[in-house]
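Could you build all of it, start to finish, from the sequences and the hints given here?
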Amino acid sequence: MFVILKLILFQTGKHGDLYVLVVFGNILCLLMTMIFGIYSWKKVHPEKRGYTDDVKITMQSAAYYLILVSAFSYLYYSTIDKNFVQQRVEERVEIARKADFEELKKQNPEKLQDKTREDFIDDEKEQAELWFSPFFLSTMVLVGGMIMAFFYSLVIAWGWRKFFENQLIRK
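Going by the working numbering, the first residue of the sequence shown is number 11, and it counts up by one from there.
Warning: the hint list may mix true and false statements.
[Unchecked claim] Derived pair list, reagent style DSSO-like, types lysine-lysine, alpha-carbon separation capped at 30 Å: (1) K66 with K108; (2) K125 with K135; (3) K172 with K52; (4) K135 with K92; (5) K172 with K66; (6) K92 with K24; (7) K108 with K24; (8) K66 with K53; (9) K92 with K108; (10) K125 with K115; (11) K92 with K116; (12) K135 with K121; (13) K172 with K58; (14) K53 with K172; (15) K108 with K121; (16) K92 with K115; (17) K52 with K66; (18) K24 with K116; (19) K92 with K66.
Because the hints were derived from the structure by calculation, they are not lab data. Because the structure is a prediction, the values reported are computed rather than measured.
Structure representation (structure tokens):
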């Protein structure tokens, strides 16, 4: 579902304007995957298990989803929307060009001591190319998603045990 949303927004040219929608759509899909994962597991294995087992089950579902989304993100930014990286790099370079270099040099004497304005702009461009590379973006989707999923799994497992375990799963 996330992949379809991302591709539709890209095709309509709204992917830049509605980036927040993409992020929240991804979070919603992650939550739905985790809830579906625990539901499916409990349907097949109705016996009582510990809270940590429920957390592991939701994390497993999240891991599968996030691996797929991370792989899609890499492919998306490296083949489908190559301009995304270039636009972000250009924005960072433009910000560096507009910055008051002498003031920055006073604020960060150790970092910028032996640098010229052009060195500073080149460093900013190099750093932006790293931060917005398809590999780095897809890695951040995976790592950030797993951190979010851990906290969500704690809440989902608790909520499942508290509200749904006895009502939804019956032999």
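Going down the list of hints, with the structure as the test:
1. At roughly 49 Å between alpha-carbon atoms, K66 and K108 are farther apart than 30 Å, so this suggested pair is violated.
2. Of the supplied pair hints, the one linking K125 and K135 holds, its CA atoms being roughly 14 Å apart against a limit of 30 Å.
3. About 14 Å separates the Cα atoms of K172 and K52, which keeps this hinted pair within 30 Å; it holds.
4. For a cut-off of 30 Å, the pair hint linking K135 to K92 stands: about 16 Å separates their Cα positions.
5. Between K172 and K66 the alpha-carbon distance is near 17 Å, which keeps this suggested pair within the 30 Å criterion.
6. With a C-alpha separation of about 15 Å, the suggested pair K92 and K24 falls inside the 30 Å cut-off, and the hint holds.
7. Pair hint K108 plus K24 holds up; C-alpha atoms about 28 Å apart against a cutoff of 30 Å.
8. Proposed proximity of K66 and K53 is supported: the alpha carbons are some 16 Å apart, at most 30 Å.
9. Distance hint between K92 and K108 is fulfilled; the C-alpha atoms sit about 25 Å from each other, no more than 30 Å.
10. The suggested pairing of K125 with K115 holds, with an alpha-carbon distance near 9 Å, which does not exceed 30 Å.
11. With a C-alpha separation of about 37 Å, the suggested pair K92 and K116 falls outside the 30 Å cut-off, and the hint is violated.
12. Restraint check: the Cα-Cα separation between K135 and K121 comes to about 16 Å, which is no more than 30 Å; the hinted pair holds.
13. At most 30 Å may separate the alpha-carbon atoms for a hinted pair to count; K172 and K58 meet this at roughly 13 Å.
14. A hinted pair counts as satisfied when its Cα atoms are at most 30 Å apart, and K53 with K172 qualifies at roughly 17 Å.
15. A distance of roughly 19 Å separates the Cα atoms of K108 and K121; the hinted pair therefore holds under the 30 Å criterion.
16. Only pairs whose Cα atoms come within 30 Å are accepted, and K92 paired with K115 is rejected, the gap being roughly 34 Å.
17. For the hint linking K52 to K66, the alpha-carbon distance of about 13 Å falls within 30 Å, and the restraint holds.
18. A threshold of 30 Å between alpha carbons decides the hint, and for K24 with K116 the separation of about 41 Å lies outside it, so the pair is violated.
19. Restraint check for K92 and K66: not satisfied, since their Cα atoms lie roughly 36 Å apart, outside the 30 Å limit.
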